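Below, each chain spelled out in residue letters.
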Amino acid sequence: MIYGEILAGGSGTRMGNTEMPKQYLQLGTKPIIIHTIEQFLVNPKFDRIIVCCPKEWISYTKDLLLKYDINNDKIEIVAGGSNRNESIMNGIKYIESTYGIKDNDVIVTHDAVRPFVTQRILDDNIKLSKKYDAIDTVIGATDTIVNSKDGKFISEIPVRSECYLGQTPQSFKITKLLELYNELTNKEKDILTDACKIFTLKGKQVGLVNGEIYNIKITTQYDLKIANAILMGVNDK
Amino acid sequence: MIVQNYRLFTPKQIRTDFVDVPLNDKEILVRPTYLSICAADQRYYQGKRDASVLEKKLPMALIHESVGEVIYDPKGEYKPHDKVVMIPNTPVETDDVIKENYLRSSYFRSSGYDGFMRSIVNIDRTRVIKYNNIEDRVAVLLELLSVAMNALEHFEGYSHLKKQRIGVWGDGSVGFVTALVLKKTFPNAKIIVFGNRLEKLHYFQFADELYQVTQVPEGVTVDHAFECVGGSKSENAINQMIDLINPQGSIALMGVSENLVPINTRMVLEKGLSLLGNSRSGYEDFEAAIRFIEDNEDVKGYLSSIISDEVIVKNLNDVNTAFEKDLTNNFKTIMKWEI
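If you read the protein sequences in the order shown, they are chains A and B. Our numbering applies: residue 37 is where the first sequence begins, and numbers increase by one. Our numbering applies: residue 13 is where the second sequence begins, and numbers increase by one.
Since the hints were derived computationally from the structure, they do not count as laboratory data. Keep in mind that this is a model prediction, so the values were computed, not measured. Among these hints, one or two may not hold up.
Sample of chain A residues facing chain B (criterion: CB under 7 Å; computed from the structure) [as the list claims (entries may be wrong)]:
id	residue
1	71
2	78
3	154
The C-beta atom is built at its ideal place from N, Cα and C for all residues, glycine as well.
Using the sequences provided together with the hints, build the complete structure.
Have a look at this one:
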């Protein structure tokens with residue numbers, strides 16, 4: 037089975053004064069999360085789509101789906117976790133208890149706040165997941181990446197041509213992800229903000245899929261303004 | 013849902029626009045697998061239309077020749093991965109007499125309306141036709157074939173019965189498929205192709221006689237003629253057709269010209285000729301095109317022979333490469349759409 041998992045656990049603390057989690061803010065004529073769910077919904081390769089959102093926003097998310105006429109039993113809403121990896125794992129726990137996990141099951145995890153993901157990116161993730169246990173979506177860095185350990189001085193400037201910016205989706209063989217995640221200590225779990233890093237820490241290969249420069253993550257009001265500018269003012273004809 | 017719409021906004025410059033298309037029962041979503049460049053697209057791309065036309069029509073997604081796979085149908089009539097050819101002509105009314113492609117109210121993709129150069133096409137469910145047993149890279153030429161089918165239907169309805177010698181002017185893609193359709197439809201007729209370049213005429217080996225337009229021997233005549241030239245060369249072609257055609261023949265016009273074309277109307281009158289205008293195609297012509305391929309197994313091979321370049325498109329630079337190659341190759345440039 038191919039599972040899509042849309043991670044909508046964020047509570048919006050980086051969005052300024054708004055109290056509504058960022059994934060529910062309006063982009064064009066719909067909330068951001070609806071755009072993202074639609075991308076997964078129309079891709080026939082997904083058997084199920086798990087949407088992980090904050091527990092208190094589950095009813096709201098269900099209402100939104102009804103409001104925007106998304107009535108498809110492929111989609112299931114489950115409670116996310118306190119951080120990104122926990123949300124991924126909550127989705128996996130739900131899959132395990134509902135459908136059981138088989139060797140070749142793949143999960144394509146994606147930020148709800150990246151509504152510009154394309155079908156090509158989703159397909160490339162699914163295709164490459166047959167080859168590797170973990171896949172990351174990236175774009176080449178155009179700015180120079182600077183590493184600083186203390187935030188005051190440069191520690192290192194990596195070679196730009198070898199630097200990429202991580203986007204999502206990130207896709208995993210579920211059994212492999214579970215196996216490696218369960219080997220982590222609690223401390224390691226706390227500091228791992230990126231699921232692919234679980235694989236690299238254990239010396240496992242992570243395949244790369246080309247993202248798109250416009251597959252942006254809407255995290256700040258500025259991002260939202262840009263996202264609306266990208267989408268608005270251009271009509272179908 | 014958000015789809016990427018690759019629009020020409022000024023000659024040779026294509027940008028990614030984002031369009032939020034509705035998911036409704038009327039339309040299905042198709043992911044293009046192949047697109048094919050037509051001379052009309054190339055004229056837009058090169059900026060060879062009047063500035064006023066470009067001003068009015070751009071930005072616009074180009075390409076009206078495309079096949080794809082259904083990815084989503086809310087009604088479930090089409091299944092995911094169904095292969096379909098998409099029909100660029102989109103009528104908004106029906107008429108018992110006038111064909112859909114001649115209704116002035118119809119709109120046409122990549123001519124004032126966005127064409128198929130997008131990540132996903134939302135299209136009315138009545139504007140696609142399923143096909144099987146045809147390679148996608150060949151099926152993308154169905155639109156071209158449907159244009160020949162439209163002209164054939166017109167010709168069969170309006171031309172006199174004496175069809176021993178039919179001439180086709182034009183050594184390009186339209187000339188090729190038109191000559192091929194005529195050869196298969198009228199197996200007892202001689203199909204004579206008149207072209208400009210010898211190396212292109214060599215592709216037309218199924219035809220009965222091949223002539224360079226500057227070296228047509230004395231005495232060569234035709235009962236009917238098809239003009240597949242277009243552009244500035246239309247004038248010479250049509251006047252040569254008028255010279256070589258027998259009385260009361262029909263001349264099917266298929267080539268688009270940006271300028272008015274002076275023709276020898278005196279001889280049109282004296283010979284009692286019929287000029288038949290043809291443009292684009294409709295649903296029934298696409299059906300006829302699919303049947304034509306199914307009924308004539310060798311047609312797939314013939315159509316493959318006029319695919320001059322196949323460009324795998326993963327980004328907009330690849331699209332530019334395809335348009336550049338199309339300028340210099342002999343026949344069709346197709347794009348394998350992996351964007």
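*Quick check: which numbered hints come out false for this structure?*
none
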